[in-house]
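K.L.:
Given next are the chains, with one letter for each unit.
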Amino acid sequence: MDDAQPFDEKLDQRRRKGLLLGGVFFLATIFGLVVLLTLMVDVVVKGGQWLDWEFLTSFPSRIPENAGIESAIVGSLWMIGLTAVLSVPIGVASAIYLEEYAPRGWFLKLIQININNLAGIPSVIYGILGLALFVRFMALERSLLAGALTMALLILPIIIISAQEALRAVPSGVRESAFALGATRWQVVWSHLLPVSAPSIMTGIILALSRAIGETAPLIMIGALTFIAFLPESIMDQFTVLPIQIFNWTARPQPEFQGLAAAGIIVLMIALLLMNLSAILLRNYFEKYRVR
Amino acid sequence: MRERSAITGPVREEAEAQRDSARESSASAEANREAGSPADLPATESAKVRVEGLDFWYGTNHVLKGISLEVRAHEVTAFIGPSGCGKSTLLRCLNRMNELIPDTRLDGRVLIEGRDIYRNADPVMVRRRIGMVFQKPNPFPKSIYENVLWGALVNGYKGDRDALVERCLRLAALWEEVKDRLDAQAYGLSGGQQQRLCIARTLAVQPEVVLMDEPASALDPIATAKLEETILNLKERYTIVVVTHNMQQAGRISDRTAFFYMGELVEMDDTEQLFTRPNKKRTEDYITGRFG
Numbered sequence: 000m001d002d003a004q005p006f007d008e009k010l011d012q013r014r015r016k017g018l019l020l021g022g023v024f025f026l027a028t029i030f031g032l033v034v035l036l037t038l039m040v041d042v043v044v045k046g047g048q049w050l051d052w053e054f055l056t057s058f059p060s061r062i063p064e065n066a067g068i069e070s071a072i073v074g075s076l077w078m079i080g081l082t083a084v085l086s087v088p089i090g091v092a093s094a095i096y097l098e099e100y101a102p103r104g105w106f107l108k109l110i111q112i113n114i115n116n117l118a119g120i121p122s123v124i125y126g127i128l129g130l131a132l133f134v135r136f137m138a139l140e141r142s143l144l145a146g147a148l149t150m151a152l153l154i155l156p157i158i159i160i161s162a163q164e165a166l167r168a169v170p171s172g173v174r175e176s177a178f179a180l181g182a183t184r185w186q187v188v189w190s191h192l193l194p195v196s197a198p199s200i201m202t203g204i205i206l207a208l209s210r211a212i213g214e215t216a217p218l219i220m221i222g223a224l225t226f227i228a229f230l231p232e233s234i235m236d237q238f239t240v241l242p243i244q245i246f247n248w249t250a251r252p253q254p255e256f257q258g259l260a261a262a263g264i265i266v267l268m269i270a271l272l273l274m275n276l277s278a279i280l281l282r283n284y285f286e287k288y289r290v291r
Numbered sequence: 000m001r002e003r004s005a006i007t008g009p010v011r012e013e014a015e016a017q018r019d020s021a022r023e024s025s026a027s028a029e030a031n032r033e034a035g036s037p038a039d040l041p042a043t044e045s046a047k048v049r050v051e052g053l054d055f056w057y058g059t060n061h062v063l064k065g066i067s068l069e070v071r072a073h074e075v076t077a078f079i080g081p082s083g084c085g086k087s088t089l090l091r092c093l094n095r096m097n098e099l100i101p102d103t104r105l106d107g108r109v110l111i112e113g114r115d116i117y118r119n120a121d122p123v124m125v126r127r128r129i130g131m132v133f134q135k136p137n138p139f140p141k142s143i144y145e146n147v148l149w150g151a152l153v154n155g156y157k158g159d160r161d162a163l164v165e166r167c168l169r170l171a172a173l174w175e176e177v178k179d180r181l182d183a184q185a186y187g188l189s190g191g192q193q194q195r196l197c198i199a200r201t202l203a204v205q206p207e208v209v210l211m212d213e214p215a216s217a218l219d220p221i222a223t224a225k226l227e228e229t230i231l232n233l234k235e236r237y238t239i240v241v242v243t244h245n246m247q248q249a250g251r252i253s254d255r256t257a258f259f260y261m262g263e264l265v266e267m268d269d270t271e272q273l274f275t276r277p278n279k280k281r282t283e284d285y286i287t288g289r290f291g
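Going down the list, the sequences are from chains A and B. Start counting the first sequence at 0; every next residue gets the next number (numbering that gives the first Met the number 0). Start counting the second sequence at 0; every next residue gets the next number (numbering that gives the first Met the number 0).
Honestly, the hints are just simulated from the structure, not real lab data. Glycine included, each C-beta is placed from N, C-alpha and C at the ideal position. A portion of the hints provided could be inaccurate.
Derived DEER-like restraints, expressed as beta-carbon distance ranges [stated by the list, open to error]: (1) A:L272 with B:H244: 47 to 55 angstroms; (2) B:A120 with A:L107: 24 to 32 angstroms; (3) A:L230 with B:K178: 58 to 66 angstroms.
Below, in silico cross-link-like pairs of lysine to any residue (SDA-like), each with a Cα-Cα straight-line distance of 20 angstroms or less [to be verified]: (4) B:K225 with B:P81; (5) B:K141 with A:Q186; (6) B:K141 with A:P198; (7) B:K141 with A:F6; (8) B:K157 with A:L193; (9) B:K141 with A:P170; (10) B:K135 with B:E74; (11) B:K141 with A:F285.
Partner residues aside, some chain A positions facing chain B, computed with beta carbon under 7 angstroms [as the list claims (entries may be wrong)]: (12) L180; (13) T183; (14) Q186; (15) A197.
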């Protein structure tokens, strides 16, 4: 070649650019973590002293020293359980229909767009819907059932979308070879697609339920912001949940209640941590079904 | 003049196929070309699979054009041709796997022992009678034993399970290698063993025809040799159609070979004949490596 130097490598410049961008990405990661950590430390400092066994086993009270979070913990557990029972079967079944059964076409696209939209609607709107539909029209009052139905509607799109993605991610080889053996669609779904996609579906479900456990606005809308000093005994009882109890305390002027709210936040965060932990454990359990 | 099949070339667009006039051409084939209609093809008595005037579209992409051919019982038939020639698509039309892909259209007839598999036929039953082995070994994420048995069970197999598993693994020449670890995960097997497991799994539903889509393309030469031996041993019990990129492989294992180009059947003949004295210029160019 005539040209002695057809390449101008600029190696130093390229390296510097790489290092610089690597640093930017690192800072972006650190930023979020630092903010979160600051919040958590702040909460623990404020609420730590209030967090004891008595706090966990007492009902709310006007006197800060006596106030506890038991009814909120139990209410949240009821709420999550009921919401899961209502939304998981419907959500997973919808995803199976949309991914495996529905004929491709404009109708499917329309449904799909709607589901994606529903996932982005502010939760307070679901609260208004719940108030009109469940509390008033179906006359469920401010019951656990009304709250759980509202929450189920709220997280249904999230469950559907994540389950659809999980089913879509199953390698085509599994689907095809099962069909090629003369299996029906349902046999393929039940024996192969669901076991293979189970870890991802469950992760999606747990993330959706984690959202439900932290949601406040829709429950305030349906009138759950009340003083509850008893445990719900049936799905028709009134209830309170952790975020509502926290919200309630933060709204009070006395500094003691701010401490109580912080302690409530710690409890809520531990609950979320446990849910994420269970997601990881479930994922590991189903690991053997992973397609390689 | 030696005995030849009536179907030696594409029925349509004859002009495009360049014929080498120096080569002899059978009178019956000539007559068919003049007749011009696939329905005029005389049925061969030993025809297991008969394709009549098959056209196939992916959306608007016309990928199979007027294919007519016959696959004889207890023979290995090879489909060869350059990438994108339609050979794999045709294979998938033979057990209705093409239907799993949205937005496709098929015209023409596919007959198995004289019965149309597209009209008044259940795709589930069609796929049971006509098994398929795929390009990439794709065992289910289950044990070796369950892999073999699953297809049989979903089709209501009531017989002795252990006996079925052993028989199929023996037919696929895998029994000696896995008999002590039937409960082990199929993923622990080597690629060649996995592919033979896929053959065993296919045989377990007792098909009549076994379709193989480039079954050795992901295997090393030793595993390929073993697989080819297995295929040859199977032909006394089954009718086998193999799509392959490897012309030496087609030469080694097949009795008859069909050469496809641009969605058309260029030529189909006894393998030895096709490889030593092809009728068409394009076939000769391809098998001598001048293109493709």
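K.L.:
Give me the numbers of the hints this structure contradicts, sorted from smallest to largest.
P.N.:
4, 7, 8, 10, 15
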